[in-house]
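Trainee: Please model the entire structure based on the sequences and the hints provided.
The UniProt record's numbering numbers the first residue of the sequence shown as 1 and each following residue consecutively.
If you're looking for bench data, these hints aren't it; they were derived computationally from the structure. Glycine residues also receive a C-beta, built at the ideal position from the N, C-alpha and C atoms. Among the clues, some could well be false.
Pair ranges (Cβ atoms, derived) [as the list claims (entries may be wrong)]: (1) S237 <-> S352: 25 to 31 Å; (2) G129 <-> D365: 46 to 52 Å; (3) G389 <-> D369: 36 to 42 Å; (4) Y157 <-> Q278: 40 to 46 Å; (5) T312 <-> E122: 44 to 50 Å.
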Amino acid sequence: MWSIWTILAFVLQLQVCAAYHIPLSQRSSHLNVDGTAKLQTLRNHIAYTEQKLTRGFEVSRRHGRAKRARHQTQLGSKKRDVPLIDGDNLRWYGNIEVGTPSQTFSVDMDTGSTDLFLAGPECRSSCAGHNLYIANKSSTSVYVDESFNLTYADGSYVTGDQYRDTVSLAGYAAQDQTFGAANEFSDAFSSSNFPPDGLIGFAFKAISNYGTNSAFQTLVDEGALSEPIFAFKLASSGSELSVGGVNNELYTGSLTYTPVTQKGYWQISVDGLSVGGQQVFADFGAIVDTGTTMILAESMYVQQLYEAIGGTSVGNGLYTVPCDSIPEVGVTIGNTTFMMSQDTFSMGAYNSSGVDCVGGIGESDSLGDLWVLGDVFLRNTYTVFDVGGLRVGFAELA
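Mentor: Below, the structure is given as structure tokens:
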């Protein structure tokens, strides 16, 4: 017969081993009512992504110089799942809590950045429709006395002040987490264009504009998680973020892992990309980014790809392919090929005729020969980000 203490210990152990999930939800406003693609929305998103990622590399280089200078001077618990919403097929968002007592916010879940920002207490008309972080209602809020300014190539921006407070992700509390409270959102971040209240990043400190760890890394450092892992299922339904482990019910087969090649973004090596079973490109680096809707690559590669499949350029980095012959595109990672469905490769019809569809691979020359694996690819896989092992895992969706 088990004692009450043995039973309690067993229950606590079960709690530590279980993951929690945050549901993610979906909207589809990158499509017009008639099912055609909003071309300018996609072009703006490419510009936004380019600026986001290049800014991260610039921050990383600055951090690198700072680390060398400091070095020279010195020479003298459970998995929990979060439901997600797919905002206009351009972003995925779910809820977090901030402060004591907690204030709830919906945030864009972005593996292509590190920092957290929310609509702040001083934000007025530009933040209308968003939930505001009210610092004086939280007993654990600390004003950092540092400003922040995030600008993007599409002209959008977020400016405000930095705070530290308790940030809870799937019920796990990251203490004294630095984040930004916006004083002003540009129109691109208005509630009609950007439904969530802010954005939370899951990348590494090297690209943080605040010079701090992500909220997830803080949870890892504080020992709050049984496993230093988070995982995404991104799909038209049943999407979620798992925190502290994986959800085995969401994928089939085994996970294929590949190491992070540079600790800043979730950057990996890709074995190749194939079309119709024939390899077109081999051995390239890529950033795995839930905050990017398309696959992006240098223009010379994208042009070569669409020439091979009979695609047509429609300007500003976008291409079309015949809707009735969308190619079978596969990405090979760790000697395993993951196929993209025709539905995920197509960004919608080019016009009302429905003859041509906008392809899910677009041009970006801002990152050199580095590719970006966005949702066009990630909607076909269960994707695991292992902070402790510095690796990314992929499996077919169940």
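Trainee: Now tell me if each hint is right for this structure.
Mentor: Here's how the hints hold up against the structure:
Hint check: S237 to S352, Cβ distance near 27 Å, so the stated range 25 to 31 Å holds. Under the hint 46 to 52 Å, the C-beta atoms of G129 and D365, about 35 Å apart, miss the expected range. Between G389 and D369 the beta carbon distance is about 26 Å. The supplied range of 36 to 42 Å is therefore violated. Restraint check, Y157 to Q278: a C-beta distance of roughly 43 Å satisfies the suggested window 40 to 46 Å.
At roughly 48 Å, the beta carbons of T312 and E122 sit within the given window of 44 to 50 Å.
The earlier numbered hints that this structure contradicts are 2, 3.
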